[in-house]
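K.L.:
Note that the protein sequences, when read in sequence, are chains A, B, C and D. Mapping the first sequence onto our numbering, position 334 (from 1) lands on 334, and the numbers just tick up by one. Add 372 to the 1-based position in the second sequence for our numbering, that's all there is to it. Add 744 to the 1-based position in the third sequence for our numbering, that's all there is to it. Add 1116 to the 1-based position in the fourth sequence for our numbering, that's all there is to it.
One or more hints might be untrue.
Taking lysine to aspartate or glutamate pairs in the DMTMM-like style, the calculated list, with each CA pair at most 25 Å apart, reads [unchecked claim]:
no., chain 1, residue 1, chain 2, residue 2
1, C, Lys762, C, Glu1084
2, B, Lys697, D, Asp1374
3, D, Lys1484, B, Glu645
4, C, Lys1067, C, Glu1003
5, B, Lys377, A, Asp351
6, D, Lys1222, C, Glu1084
7, A, Lys215, A, Glu182
8, B, Lys574, A, Glu122
9, A, Lys205, A, Glu291
10, A, Lys202, B, Glu744
11, A, Lys22, B, Glu468
12, A, Lys272, C, Glu1096
13, B, Lys560, B, Asp604
14, D, Lys1251, D, Asp1281
15, D, Lys1439, B, Glu694
16, C, Lys746, B, Asp723
17, A, Lys145, A, Glu162
18, B, Lys560, B, Asp586
19, D, Lys1251, A, Asp53
20, C, Lys1005, A, Glu142
21, B, Lys517, B, Glu533
22, B, Lys577, B, Glu645
23, A, Lys235, A, Glu7
24, D, Lys1462, C, Glu1003
25, C, Lys1021, A, Asp53
26, D, Lys1176, C, Glu1084
27, B, Lys575, B, Asp553
28, D, Lys1483, D, Glu1130
29, A, Lys275, A, Glu291
30, C, Lys850, C, Glu1003
31, C, Lys1005, A, Glu122
32, A, Lys272, A, Asp53
33, B, Lys665, D, Glu1418
34, C, Lys1098, C, Glu1084
35, D, Lys1118, A, Glu142
No wet-lab data here; the hints were simulated from the structure.
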Amino acid sequence: MIKRKKEMIAMLLAGGQGSRLKSLTKRLAKPAVPFGGKYRIIDFALSNCSNSDIYTVGVLTQYHPLLLNNHIGIGSPWDLDRRDGGVSILPPFVREEGGRWYKGTANAIYENIEFIENYNPEYLLVLSGDHIYKMDYQELLEYHKEKGADVTISVIEVPWEETNRFGIMNTNDDFSIYEFDEKPKNAKNNLASMGIYIFDWKKLKSYLIEDEKDKSSSNDFGKNIIPKMLNDNLKLYAYSFKGYWKDVGTINSLWEANMDLIRDNPLDLYSKEWKIYSKNPISPPHYISKEGKVKNSLLNEGCIIHGDVKNSVLSPGVYIGENSKVIDSVIMPNVKIKDHSIIKRAIITSDVSIDSGSIIGKENSEITVISE
Amino acid sequence: MIKRKKEMIAMLLAGGQGSRLKSLTKRLAKPAVPFGGKYRIIDFALSNCSNSDIYTVGVLTQYHPLLLNNHIGIGSPWDLDRRDGGVSILPPFVREEGGRWYKGTANAIYENIEFIENYNPEYLLVLSGDHIYKMDYQELLEYHKEKGADVTISVIEVPWEETNRFGIMNTNDDFSIYEFDEKPKNAKNNLASMGIYIFDWKKLKSYLIEDEKDKSSSNDFGKNIIPKMLNDNLKLYAYSFKGYWKDVGTINSLWEANMDLIRDNPLDLYSKEWKIYSKNPISPPHYISKEGKVKNSLLNEGCIIHGDVKNSVLSPGVYIGENSKVIDSVIMPNVKIKDHSIIKRAIITSDVSIDSGSIIGKENSEITVISE
Amino acid sequence: MKRFMGIINLGENESKIKEITYNRPIASVPIGGRYRVIDFILSNMVNAGIQNVAIFTQGKNRSLMGHLGSAKPWDLNRKYEGLFVINPVLEPEDTIIRKGDIESFKNNIDYIQGSKQEYVLLTKSYMLYNIDFKKAFNYHIDSSSDITLIYKRVDNKDNRFIGCDNLTIDEFNNLKSIGYNMGNDEFSNISLETYILRKDLLIDIIKDSVSKGDSKYLKQAIYNRMDKLKIDTFSFNGYLACINSIENYYNTSMDLLDEKKYKDLFYENGLIYTKIKDEPSTKYTSTSNISNSIVANGCVIEGRVENSIIARGVTVKKGAVIKNSILMQKSLVNENAYLENIILDKKVVVSEGKILSGNHNKPFVIKKNTFL
Amino acid sequence: MKRFMGIINLGENESKIKEITYNRPIASVPIGGRYRVIDFILSNMVNAGIQNVAIFTQGKNRSLMGHLGSAKPWDLNRKYEGLFVINPVLEPEDTIIRKGDIESFKNNIDYIQGSKQEYVLLTKSYMLYNIDFKKAFNYHIDSSSDITLIYKRVDNKDNRFIGCDNLTIDEFNNLKSIGYNMGNDEFSNISLETYILRKDLLIDIIKDSVSKGDSKYLKQAIYNRMDKLKIDTFSFNGYLACINSIENYYNTSMDLLDEKKYKDLFYENGLIYTKIKDEPSTKYTSTSNISNSIVANGCVIEGRVENSIIARGVTVKKGAVIKNSILMQKSLVNENAYLENIILDKKVVVSEGKILSGNHNKPFVIKKNTFL
C-alpha cells in the first residue's frame, strides 16, 4: 500500500439494494441503475468527487456488485485511476475471526478503518451512491473549516408538506444543528439531510469504535452516530445546498428525475464546467429514418428510430420499430421495441425486447415497469 | 456488461487464508504474501494467464482482500487491463435472499456462474492463487482437446515418500484417470494434482448446480466434484507437467521456495520468454556501500546495504545497517535492520524494524518468523 | 492472430481533398459524426486480434496524435506492444526534405525487425470498410504466395474510385498487373492497398529498394518487384468507400443514411472504436424536426435537420434548417439560418438568418473555426 | 497546484555530450541505473501537483517517445490533460529547416492558450534536482514580479557548471543581468533555467518576438525583454547537477555513490518516476564481489564491481572486473574482462578477457550495440 497523507478522502456507500425500486434492482445494486440515458446513478457522486479534486474514493459494495464493479473498474471514466489513491472497491470480507457483512452505514465505514488510516486523512467525506446532483465538495470543506465544525451535513430545503419523508436538521441562526428529527410529523424546520457528511476523521473514528461495541445499535449514521454526537455537544453544522438534488429511491422519483432532464432544469448536463462522466458505449451516432419522429426527448449512441418518440429518455442502443410510439417513458440500454407498439408512462429495463403490437402503460396511471 | 464469446476463461481461487502460514497471513490473503524479492505469490498464476494469452480472469477473493485488490487493480502489470474481459475481482456478495460467503472451491465457482456465462466459454480453467510455477495453459488446452476430455487435471511427479501429502491421480496408460486418492497412505501412483483444472464448462456447470443441492457436500473440487465425475464415468485426463512447481502453503515451503531462487533451478526468472510480472516499486537502484558485502543473494530496488548479506532474498526497500549480517533469510519489503544485528534462517515480514544489536534465528533450527 | 503486426502508412494523396486537410492528414478527417478516418482500419486490425500497430506519419500530425492519445479506445494501450506512431526523422543538418515514404521505413527498420510477429498487414487509412481480416490471414497462410493483396470488385457507374489502383487478375486469383482506375470500364477490381506478407520479405524489399534507389515510395518498390514475387488476391464483398476527394467524402457520408450501409460499416464484422468524449445525451426539444439523419451525442437540436450528418456537440437553434449537409463537431447554427449541401468543419459558427447553399455535386466547405 | 502547467523545452545544447546523444536528445540519456534525464524534471512537476505538461521536442525523439509511452508512470495518463509531446511541424513545401525553438512555440500557441491553467512553469530537462516546486509557486504568487527564475548558488571549484547561465542578483533578489558561467569566480548563481510566469505573459513574449523577429530562441526572447519585466529569483539549496557534457555526466553519476546525494536526488522532496521494465531481482552469486556501487534490477553479477553504476539487465560474468564505470542497460561483460573508467552505452557486449581503460577525467565511451 502506498501511504501518503491526503487531507480528505471520500467513502461512497453503494451497498444498498434499493428494494423500493422493485424489479429494477433484482440483480443489480441501486447505484448501478441506468439513469438519464447515458449514466448510472453512481456516476453523479463519482463525477462530483473527480470534479472536486478528490482523487481517493472508497466505494462500499455489498449487494449484487458484479455490474457495479465492472462499471467502476479502476475509475478511468472519472479520471480516478491514479497512482496514489484513486478508486478502491471495498466489499465485506473474511478475517481471522470470520466474515462480517456490513450491518449499517456507520458499520460499513467502521469495517474499513484500516483502509482509511492508510491515507491518514484529516477529514472524511461520506456520500451516498444514489442521489442525482452536482456539488463541489471543496466548497463544503471550506465551509466545514470556516465553521470549525466536527461534522458538517449538507442539507436542502424541502417543501414543508414533504418534511415527514426526510431526516430534518433543526438549526440555530448560525446553521449549527441542535437536533435531528427523523421523518417528523410536525417539523420545526424544512432542511433535509442530503446524506452528505464531512467528519473530523479522528473524532468519527472514536464514535465508530464506541458504536460498534453497543450491541443494540443499528450502526447507522442517521439513527445512531449523529444523535450521539449531538448529545455529546459536538459542533455539527448544516450546509445549505441550493442546486438540484433528487433522491431516486422509488420508481416514481426515478421516472420524475429522468423527466426533469427533458424540461429546463438547474441540472445542466451540457455545461463543460462540471461534466458528469460515465463508461462510454462503443456505438455509432443514432440514426433516425425518414419515417422517424423525435420531440422533446433525449437520445443516445446506437439508437435506431423508425417510430415516434415524445417526452422520453432513451439509453444507448435502443431500437424503435416502424409505427411504434414511445411517450413519457424511460427506455434503458439495448431495449428493442418492435413495430406497431405503444409505450406510455413506462420504464423498460435493459435488454428487454417488446413484441410487435404491444401496448404498455396508460396515461394518468402509475408508472409501468417492464423488466426481463 | 460486454458479452463476447471467449473460448476459455480462467477462475483463480484467491480467497484462502493460508492459516499454515501463521502470522504471515494475519492481515492479508495468502496469494498476497511477498515472494522471491519482487513478487507476491499470485503473480505467478496471473503472469501465466497473460503469457498464455488468457485475457479474461476472475479472481475469487474472500479473506482480507484489501491488499490483494490493491495489488491487482485492473491488472495493468499483467497486461490484463483489457477492453473486453481483463481481470475481475469477485468477492462474495449479497443477493435478494441475503449474503453468502464462499463455502468451498466448487461453491466459489458456483456463486459466479452468472459472471462466467457472460463470456459463454467452452472451457473453464480453474487455478489456485498460491503456487509457484510457469506453465503455458494453451498447451494444457491443446492436450485437453486432443484427449477429447471432459476434465483435464495437471499433475506432477512427487517423490513416492511424499505421496501422502498430496491428492494423487491413479491413471491408466493413456493418462486417463480412474481414481482420485486424497493423501493416500499407500499410494498406487506418484502423480499429484497441482490444483489446475480445465473443465468442459457446460458439464461442470451442471455438476456445480447438483453439488449445491447436496447439503452434505463440502462443495470442494477435490472432495466432491472430481470423485462424482469419476463415478459418472466422465473422461478425466491427467496432464503430466515437467517443470518447477511448488506449493508454498507452509512457512517451511515458503522459505524453501525462496532459497530455490538463489540456487540454479528450472524456474528461470531471467528469461524474456515467459516473464513474471508484478506491481513495480517506485525506488532507485539498490546501493551497496564501501563496507557492504553481498554473496549468493537476490536484491531489489531501493535496498541500502551497509552490512553483510549471504544466501538471502531481499525485497525492495530493505535497509541493512553497518556490521549487521543477514544469512539464509527472507526479508520482505521495507524492513529496516539496524546496525550490529544478526539474522539467520528467518523470515522478516513487511515494514518490520529490527533494533540494533538484535540476534534473530539460529542455524539448524526451525525458520524464525518475525512480524509486526 | 498474434502472428501479425499492422503497419499503416499515411503517405496519402491529399490533392483532391485539400478543403478539409489543411491542418490534418486524411487519417484524422472527421467522419460519420464521431469518427476519424483512421478509426476504421485500426478497429479492423484490433478486431482481428492484432496487438502491435505502427503508424508511419508524414508530419502534420498534431490532430492525429491528439486523437490517438494513449490508444486506449482501441485496446492498444499495451505494456510492450500496442500502438506506435513513427514520425519522419529530420536531422538538423538536413537542408532539403526528402520526398517519399521509403526513407522513413528504412530509418525504422529495426523497429519492424524487432517486433516478434512473423507477418505484416501493410495498409493505408483512406479506405473505409469493416472486414474480418482473420479470413484474409488464413487465406494467405494456406496459400503459397509471397503477398496477398485485398481488393473489391466495384461498379464504376458512380465514379467513386477514380484514381485508385485497378488490378488485373488471372483465373487463379493471381495478380497480373496494376493500373490507374479511370472509371472507363463497367467494373474494376479496386485495390484496398492492403498487403499481407512475411515481415522478412517486407524488410528485404525496403532494403533492396533503398540500396538500389529505385523508388521513393514503398508501394512503388513492391510493384517494381512484381515479376519476382507471387502476388495472390483476396476479394472483399462488403461496403467500401474511398476518402480521396471532397466529393467522395460527401457521398460516403450520405451513404450512411442508408440503414443497410450504416449497419454494414459500423457493425458487420466488429465494432468501430474511437476517442471518448463524454458527451451527454442529445436533446431534442418541442420545436425540433428531424428526419433521415444520423446525430452523434452531446447535440441540442431545436431546428429542422434533414438528410444530414451531425457530429458530437453540435447545436442547431430554433428555426434553423439543415439539409443534405455534414456538420463536424461543435458547430453552432443559430436561429433561422439555412444550410443546404454544406460541409461545416469543426467549431464553425453560423449566425442568425444566414443562408448557405452549395451544389449537390460539389458541396461547399466552411473552414474550421470560421464565424460567418 | 492545478493553476500551473508545465512546459519542458528540449532545445538543449548537445555539443559537448555528443558521445551519448547520437540517437537521442539529452532528455532521454540513461542515468542513475534506471532513469532518463527527463524523469527528474517530470517527477518534480507531478510531485508538485502539475497535471498538464507539454514537451517541445526538436525531432530525434523516437527514444524519448518510447520512454514516455502513455505517461502512466508519471500519473500523467489523464483523460483531458496529462502529457503532450509537441514535435516541430515541417510543411512538405519547406525546403529549409528553421533554426531555433520559438517557431515551434508559435505554431502551438493555441495549445498553450487553450490549457485552463493560469501559470506556466517553463523549464528544460538537462538540470537534475529534486525540488518542492510548491514553495517556488507560492513565492511567485505572493510576489509582484512578472517572472520568478530559480537558481542555485554553487561553488565553482569542480567546474561542474561551465557554460550555464550565471545570474547577477541585487539585494532584493531581483535579477540584474545574465551571463555565461566561465567558472572564474569562486561562487556563481547558476540558473536552473526554470521560469515561473503567467501564461498570458509567455504568450505575449512569444507573439511579440515572432512578429519583431528579434530571436530564434524563446530564452533569448525573454532576455531581450528583461528591461521591461520585473524578474525575481528563488534560491534552491539541494543537490544540483547539470548534464551538458560527458564529464559532467560521468561525475554526476559518480556523485550518486555518496549516500547523502543518492538520498537527496532520489527521495528528498518526492519520488522519481520512470518507465517500468518488469525486471526480476538482481542476482549475486558466490563469486560476486561488490562494493560502493549502485545496481538496478534484473542484473546477474558474478564478477567484481567497484565504484560503478550498473543499469537494468546488465550481466557481469565470473572473473570480470568493473571499476569506476557506468554500464547502461543490457550490457554484457564476459569472463575476465577488465573495465576501468568506461561508459558502456546500451547493449554493449564486451568479450572474454578484453581490457578497456579510460582516463578518470575523460572516461571512454563505447557506443550502443557495440560488440568488442
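K.L.:
Now look at each hint and say whether the structure bears it out.
P.N.:
For each hint, the structure was consulted:
1. C:Lys762 / C:Glu1084: Cα-Cα ~21 Å, so holds.
2. B:Lys697 / D:Asp1374: 22 Å, holds
3. D:Lys1484 / B:Glu645: 23 Å, holds
4. C:Lys1067 / C:Glu1003: 18 Å, holds
5. B:Lys377 / A:Asp351: 18 Å, holds
6. D:Lys1222 / C:Glu1084: Not OK: D:Lys1222 and C:Glu1084 at ~37 Å, beyond 25 Å, violated.
7. A:Lys215 / A:Glu182: Given that 25 Å is the threshold and the Cα spacing comes to 21 Å, the pair holds.
8. B:Lys574 / A:Glu122: Answer violated: B:Lys574 to A:Glu122 is near 52 Å, above 25 Å.
9. A:Lys205 / A:Glu291: 62 Å, violated
10. A:Lys202 / B:Glu744: 23 Å, holds
11. A:Lys22 / B:Glu468: Distance ~11 Å between A:Lys22 and B:Glu468 Cα, so the pair holds.
12. A:Lys272 / C:Glu1096: Answer holds: A:Lys272 to C:Glu1096 is near 24 Å, not above 25 Å.
13. B:Lys560 / B:Asp604: Roughly 22 Å separates the two Cα atoms, so the pair holds.
14. D:Lys1251 / D:Asp1281: Holds. D:Lys1251 to D:Asp1281 sits at ~22 Å (cutoff 25 Å).
15. D:Lys1439 / B:Glu694: Roughly 23 Å between the alpha carbons, so the hint for D:Lys1439 and B:Glu694 holds.
16. C:Lys746 / B:Asp723: Status violated; Cα separation ~42 Å.
17. A:Lys145 / A:Glu162: 31 Å, violated
18. B:Lys560 / B:Asp586: 30 Å, violated
19. D:Lys1251 / A:Asp53: 21 Å, holds
20. C:Lys1005 / A:Glu142: Given pair C:Lys1005, A:Glu142 is violated - Cα atoms ~55 Å apart, limit 25 Å.
21. B:Lys517 / B:Glu533: Judged against 25 Å, a Cα distance of about 33 Å means the pair is violated.
22. B:Lys577 / B:Glu645: Cα-Cα ~35 Å, so violated.
23. A:Lys235 / A:Glu7: At roughly 20 Å apart (the allowed maximum being 25 Å), A:Glu7 and A:Lys235 satisfy the hint.
24. D:Lys1462 / C:Glu1003: 56 Å, violated
25. C:Lys1021 / A:Asp53: Within the cut-off at roughly 20 Å; holds.
26. D:Lys1176 / C:Glu1084: 47 Å, violated
27. B:Lys575 / B:Asp553: This hinted pair holds, its Cα atoms lying about 22 Å apart.
28. D:Lys1483 / D:Glu1130: Answer holds: D:Lys1483 to D:Glu1130 is near 16 Å, not above 25 Å.
29. A:Lys275 / A:Glu291: 34 Å, violated
30. C:Lys850 / C:Glu1003: 44 Å, violated
31. C:Lys1005 / A:Glu122: 58 Å, violated
32. A:Lys272 / A:Asp53: OK: A:Lys272 and A:Asp53 at ~16 Å, within 25 Å.
33. B:Lys665 / D:Glu1418: 13 Å, holds
34. C:Lys1098 / C:Glu1084: 11 Å, holds
35. D:Lys1118 / A:Glu142: 17 Å, holds
Violated hints, in rising order: 6, 8, 9, 16, 17, 18, 20, 21, 22, 24, 26, 29, 30 and 31; the structure is consistent with all others.
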